[in-house]
Every structure is written in structure tokens, then in C-alpha cells.
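Knowing the structure of chain A, use the given hints to seat chain B on it.
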Amino acid sequence: MRLVPGSVLGSTFGIVVAALLMGAAHSAPASDTPNPAADAKAFQKFFTDKFPKVKFEDFVNGPYSMDEGLYQQWKEKEEFPPYEFALDMGKELFAKPFKNGKTFADCFPNKGIGIRQNYPTFDEKQGKVVTLELAVNQCLESNGEKPYSYTKDEMAAVTAYMAFTSRGKPFDIKIPNDPRALAAYENGKRYFYTRRGQLNFSCASCHVQSPGEHIRAEVLAPALGILNAMPIYRSEWGGMGTTSRRFTSCNSQVRGVPLKPQDDEYRDLEYYLSYVSNGLPISGPGARP
Amino acid sequence: MRPLTLALTVILLTGATLPAFAASTEADFKAAYAAAEAANNEAGKLRNQWTTTVSALTAAKKAAEAGDFDKAVAASKHAEELAKASIYQSQEQKDGWKQMEIR
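From first to last, the protein sequence lines stand for chains A and B.
Under the working numbering, the first residue of the first sequence is numbered 1, with each subsequent residue one higher.
Under the working numbering, the first residue of the second sequence is numbered 1, with each subsequent residue one higher.
In isolation and in its complexed conformation, chain B is listed as follows:
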């Protein structure tokens, strides 16, 4: 039941909240954002970006602009998790799509 595991993973990841660390810096944000963006670009190559990843990236940027780097780092990490889940989904569906095919 791999698709079911995936569905649950996806839902869990989405709900996940991140522990608050001590004050993040702009450099922390930049690193976290770059990682998230790279993962999202990879999802783009697989033609499977998620709108929620894009929203999290936007939220990260906004928070950083407002100087709230804790929030910006948390949103970036969330975006990276979502992007990674979308990559996993594409990989799983490379053959997994046949499960649903009408034959």
C-alpha cells in the first residue's frame, strides 16, 4: 500500500510544526531558503510542484523582509519538506500510476 503511505506522509508533513530555535540569522534564512528553492526546482523538472510549496516560499521571503528570521527559516524548512514530498510522489508515481489504470 505504498500510495497510502505516501498520502499519509504528505498529510503529516503538512501539519508538521517546527520547534522554535533560538534567534535565527539572515544567513540561516538564506541557507534554508536556498535549500528549499533547490528542492522546488527539482520538483519543477519533474513537472510536479505543489502550490503549497510556492506559498511557503513566499511566506518565508515576506518574513525575512520583515526581519523575522525565525519565521523565515521555519517557513523555508516547511517549503523544503513539501518540495521533497512532491519529489517523492513523482518518483513513486513513475510506475505507480499504473495502479489506477482502467484495463
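Just chain A, same shape as in the assembly:
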């Protein structure tokens, strides 16, 4: 079901007010010294306390973890997963030699197999966060190939395959002892909690304060484990979408003009969100209603 901003205003306004009240309730005195490890602990505790019945590993199933009926649907879907086609395409693209004879395997540690859980990584040479999507395009470009569009098709296929070979491996995002890495993490955190768009929502308004609630036909996913299933197949999209696609569409939903895929803010955001989900297994590619 398409989320039309106009029609969602009624229900979302309720959430805004609720969000504001709750926001005030759990804001403790601010300590401004960055401490990612403490952040991750508090983040995970928030969700496990809020949803004591959800098994820790099940947070990777997005909306399906929030609703018994949906969970059944998910199990049924996994028998004939709609991402199968993308997975096959990804496997093929992954193995297919570039014009220079090299393949994706030449660009990645362990030949690109079973490594999804290590992305995003902070690349000290480039001085920035490198997501899996960016790494895929950097691989293509360094081999003289045309980069993929970030939002779907080939990019979704290749990252789906790479996620599939990493299923079950816990997110293991590292923040090296480099002030630039810490700054990127903090920037991502700020982006996650900052209200934007005409509806005045932050990512947290929906995915921290309202997971499990319905926005029209959709059930909001909890922010814990929210990237573990990427990329995802969505019936609403009629196909696959990457993390880039999800971020930009979540920005448009609040009537904010999305940034460009893989802009600094989005890569830093992905770094933050993945880090605070450390320990949760990769489950991608995912399928959504």
C-alpha cells in the first residue's frame, strides 16, 4: 500500500504528539562525550525492554517481528521468496568477469563471500565511511566499469547475493581509533534523531517511538536490526530496493527532499544504525508486504 503523505497526516499527527511527550520522558541529562559502546547498549536495552516477548534475533525481521499474524505471513513467504530472482541475478553478476577479466571477488576480503556483516566500514585511507553499496560501485569504477544505480536492479541484486552468503553472521561494525570515524558515527546519530520535513519527524519518531504501530496498512519496523535484512523486496515497489532506496523514501514520507544516495549523511547514518545493531545476525535479502 502506498503511503500518501496527505492521507497519513491524521494518523501521523497523533504520533507526533505521542513522540513529543515520550521524547521528553526519556531524555536524561545529556553527557556530550561520545561513547558508541554505551550508546549501543542503551539502544538495544530500549528495544528489548519495550518488546520483552520478541526474541533478540527476531528484531532483524523488521515489521514481522512486531506482529504475530505478520510473522506467520513471513514464514510462508520465505518458502517462495520473492527476492529469489534478484538473488540469482546477483550471483551471476558477482561471478561475471569485467572487461578486464577481474570480478567482484578481486575487490573484497574473502573474495566477497560472507562479509556483509562488516559493512559499513570506516576506510582510513579515504577518510570516510564506506557502505557495501559504495564499495560495490568503487569496485566497478576501479575496474573501468560503469557504476550501478544505487537504488535497485543490479545494485540490489549484487548486495542481495552478498547478504545471502553472510546470513546468520552477526553485525560486527568497528569504529577505529580515529577521530574522523567517531565524528562520522556522531554525525549519523544526529541525522537519525533530527526532525525534518514538513511533518517534523525524525527517523526515531517512527522507528524508535512507534514501532509496531500501523501507518495505514504498514507496520513500523523497530530501529534495532532495521538494516540486517537489506536489501528488501517490497510488493509496494514491485521489486527490490537497497538501503539507499529505503532512506530516500523514508525522507520523502515526511515531506523532506531526500539527499542523494550515498551522500555523507546517509553513509554516516548507516554506520550508526549498523553499529547499534552489532550482534544481530544478517538476514538479508528480506521480503516485505
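Since the hints were derived computationally from the structure, they do not count as laboratory data.
One or more hints might be untrue.
Unchecked claim - Only pairs whose alpha carbons sit at most 25 Å apart, straight line, appear in this in silico PhoX-like list of lysine-lysine:
1. A:Lys128 to B:Lys84
2. A:Lys260 to B:Lys84
3. B:Lys71 to B:Lys84
4. A:Lys260 to A:Lys128
5. B:Lys94 to A:Lys260
6. A:Lys174 to B:Lys98
7. A:Lys152 to A:Lys102
8. A:Lys128 to B:Lys94
9. A:Lys50 to B:Lys45
10. A:Lys102 to A:Lys146
11. A:Lys146 to A:Lys45
12. A:Lys174 to A:Lys128
13. B:Lys45 to A:Lys260
14. B:Lys98 to A:Lys45
15. B:Lys98 to A:Lys41
16. A:Lys128 to B:Lys45
Please read these numbers as outputs of a predicted model, since none were measured by experiment.
Quick look at chain B alone, frame taken from chain A:
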């Protein structure tokens, strides 16, 4: 409760209708449009443009092309108000984001 004030301001601004003035000219439109565009560019620097601002700017341009300068000026002013609200939102959220942080 500053965020709440902001939310309300935003909603009020959006609903606001503008009084109809006597026939606007192309020059009025150009001035109003330039002001709106400048505010929206500033919002862009803050990485926080609103889709509704962009739509209002487009509507203003369309009306001007059709020679309806009253409508074009009204849409430009609406766009400027929206852009200013988005700038205000960014400024307020510079520290305000911490309100919602899980700690």
C-alpha cells in the same frame, strides 16, 4: 515544549491562505519568487528542504507562465513561508535532536 510549538507553527503555516491583493505584476512575481528561492537554497545548505516548498515553487512558476501573477505571487509567498519554517526547524534541531536520543 519548543518542538511542539514548531510542529504547530509548521501546520499553521501550511494551512495559511494569503489575502488576495489587487492585480500582481510580473515584477511582483519575480521578486516574490526570488525571495522564496533564496530561502529554499538556504534550507538546502542546511540539508533540509521540504517537498512542499518545491511544489509551491513549481506551482508559482506554472501560474506565472500562464500569466496568472496573483496566483504566482501567492504561491511564491507560500513557498517562502515553508522554506523559512524548514530553516527554523533546522536551527531548532541543531541541539533539539538530543531530546529524542536513547540514552
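Hints, one by one, checked against the model:
| no. | hint | in the structure |
| --- | --- | --- |
| 1 | A:Lys128 to B:Lys84 | violated, 32 Å |
| 2 | A:Lys260 to B:Lys84 | holds, 22 Å |
| 3 | B:Lys71 to B:Lys84 | holds, 20 Å |
| 4 | A:Lys260 to A:Lys128 | holds, 16 Å |
| 5 | B:Lys94 to A:Lys260 | holds, 21 Å |
| 6 | A:Lys174 to B:Lys98 | holds, 24 Å |
| 7 | A:Lys152 to A:Lys102 | holds, 23 Å |
| 8 | A:Lys128 to B:Lys94 | holds, 23 Å |
| 9 | A:Lys50 to B:Lys45 | violated, 37 Å |
| 10 | A:Lys102 to A:Lys146 | holds, 14 Å |
| 11 | A:Lys146 to A:Lys45 | violated, 43 Å |
| 12 | A:Lys174 to A:Lys128 | holds, 13 Å |
| 13 | B:Lys45 to A:Lys260 | holds, 14 Å |
| 14 | B:Lys98 to A:Lys45 | holds, 18 Å |
| 15 | B:Lys98 to A:Lys41 | holds, 17 Å |
| 16 | A:Lys128 to B:Lys45 | holds, 21 Å |
Going through the hint list in order, the structure does not satisfy hints 1, 9 and 11.
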